[in-house]
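Take the position in the sequence shown, starting the count at 1, then add 1450; the result is the number in the numbering used here.
Note that these hints are calculated values from the structure, not bench results.
Even glycine gets a Cβ: it sits at the ideal position worked out from N, Cα and C.
One or more of the hints may lead you astray.
Simulated restraints, written as ranges between beta carbons of each label pair [claimed, not checked]:
id, residue 1, residue 2, range
1, Y1515, F1571, 52 to 60 Å
2, R1576, K1525, 21 to 29 Å
3, R1576, F1469, 48 to 56 Å
4, K1558, S1589, 51 to 59 Å
5, K1541, V1486, 18 to 26 Å
6, D1550, C1474, 25 to 33 Å
7, E1511, I1560, 37 to 45 Å
8, K1530, L1467, 16 to 24 Å
9, D1550, Y1515, 30 to 38 Å
10, I1494, A1588, 39 to 47 Å
11, K1580, G1468, 33 to 41 Å
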Amino acid sequence: FFKFSEIQATENNLLSLGFIYTICLLLISLGFYGLVILLNPLKINYLENKNPKAENLKLIEKIYYSLNGKDIETKDNVVKFTFKKSFWSYKQRINLLSEDNLIIFYVKNIDSNPKGGFLDFGARARLQKKILNMLEQASR
1451 FFKFSEIQAT ENNLLSLGFI YTICLLLISL GFYGLVILLN PLKINYLENK NPKAENLKLI
1511 EKIYYSLNGK DIETKDNVVK FTFKKSFWSY KQRINLLSED NLIIFYVKNI DSNPKGGFLD
1571 FGARARLQKK ILNMLEQASR
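Based on the provided sequences and hints, a complete structural model is requested.
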């Protein structure tokens, strides 16, 4: 009934169709990920504590040294510095604001396009969570 070459050709067609469907699904899922991230681009975190502004600035200085930050800029109660985890990761700008009983911070990728890019695969969110945990532990 069937010849061996016909069966082999059908299996090759199924493999190539499966490969094409897989690539299409990956591209569609990347597109949906990009839309979700673009709809929620800014994420500002804060930590409420019982410290005055001067002590909160000391906490921020501890965070700077523990992250091995670079290019620190301080103006009144605003501190900005850059952080780069590894050679191939984005350079990130960390902005911190110190007030009485409150520290507000925001992380932004500065090596990507001007609108912030969405291909950091969650690195910015992980860094914000890490900073929040470090601030919580240091303020105890």
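(message) Of the numbered hints stated earlier in the document, which are not met by this structure?
(response) The structure conflicts with hints 1, 3, 4, 6, 7, 8, 9 and 10, although it agrees with all the remaining ones.
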